[in-house]
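Input sequences plus hints: build the corresponding full structure.
Residue numbers (this note's numbering): 2 to 369.
There could be a bad hint or two in this list.
Stated by the list, open to error - What follows is a list of derived Cβ distance ranges for each label pair:
no., residue 1, residue 2, range
1, E114, T356, 22 to 30 angstroms
2, D88, D357, 36 to 44 angstroms
3, G132, R14, 46 to 54 angstroms
4, D251, G98, 31 to 39 angstroms
5, R143, K106, 21 to 29 angstroms
6, D248, E6, 25 to 33 angstroms
7, G98, R143, 23 to 31 angstroms
8, G230, P115, 41 to 49 angstroms
9, R14, R348, 47 to 55 angstroms
10, G230, Y257, 30 to 38 angstroms
To be verified - Simulated crosslink set (EDC-like; lysine to aspartate or glutamate; CA at most 16 angstroms straight-line):
no., residue 1, residue 2
11, K347, E34
12, K117, E87
13, K359, D39
14, K268, D337
15, K70, E127
16, K70, D21
17, K106, E95
18, K268, D21
19, K70, D103
20, K347, D32
21, K268, E327
22, K70, E327
23, K70, E326
24, K145, E186
25, K149, E119
Worth flagging that the hints you see were computed from the coordinates, not collected in a lab. Ideal placement from N, C-alpha and C gives every residue a C-beta, glycine not left out.
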Amino acid sequence: MTEIEIGRAKRARRAYSFDDVAIVPSRRTRDPEEVSIDWQIDAYRFELPVLAAPMDSVMSPATAIALGKLGGLGVLNLEGLWTRFEDPTTLLAEVSGLRGHDATKRMQEIYTEPVKPELITERLREVRDAGVTVAGSLSPQRTKEFAKVVVDAGVDMFVIRGTTVSAEHVSSQAEPLNLKEFIYELDVPVIVGGCATHQAALHLMRTGAAGVLVGFGGGAAHTTRTVLGIAVPMASAVADVAAARRDYLDESGGRYVHVIADGSIGKSGDIAKAIACGADAVMVGSPFARATDAPGHGFHWGAEAHHAELPRGQRVEFERVGTLEEILFGPSRVADGTMNLIGALKRSMATTGYTDLKEFQRVEVVVE
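Spelled out as structure tokens, the structure:
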């Protein structure tokens, strides 16, 4: 790949965001009703290639259940308000009413409440009792502490999600999480990330993960680029990690690790572009924050927004456009790609002549 000279001492390669690329129509078109968007990870099959991000603004036990019944996968944040408080509804309402920098300060205060193991068990039981697939997320820093509680509670899928997750974390302060050993000892499939490069993804795949998250999470609510200067445009990141999946498939003798785009998925076209670049599924945050039944009351934030020492996220306010079901399946009352996400994905696939997600990963794209 051609490198660009930033200056005499530094070279870089060009990378592309979803906004920089577009999907190319082919010689064949199809009826959208003939398109299949089912996908399977480990033993679990889903009608929608959509996971809801484990963020308090979009996922409560109720919305996780609702998404599961609609065919997707809701991932609960097991370090969020629902595992710190018996009933966080008044606090969620308070957060939505905060203004300016007061929001960050007050959220830091609210999230100092300890995570309660019994509430982890209760929240996961509530989802399990509804008959949908149960998924919960922990940060790498809290995984060892609460993993047994999570598994004992009957989780079906375990998500380890951080801004950047490495298979080779080095620390002189504490023994780091040995991902390979941890995943080997678990009886449930693990999805881990984020990562944004071929090499980092390949190392995560070698730990035995069932899926790898691509990106830094947080998306619209993230300020990591501003605070830390770290970012990789998502189209290039997904394509690089998809290449790692291919290389690991050869290396491992046929073990397929799913690639899940996590970040910069704001509109329906971003979902199509993520899959076109090689993703098997997407993790969605901000589109669901627009739902009238989302717990964030029209506001959206991630764990980075209330970090005790260095917040790298913010609350973002969105106009609420419809219910969770309408955002997924329509009918859409807007023309900006924030409603009927699934209808748009199917139409994009049909317009380019593809009938399933694996085929659609081979669609031609161009740089605009």
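Of all the hints given earlier, name the ones this structure violates by number, lowest first.
Those not satisfied are hints 1, 4, 8, 9, 16, 19.
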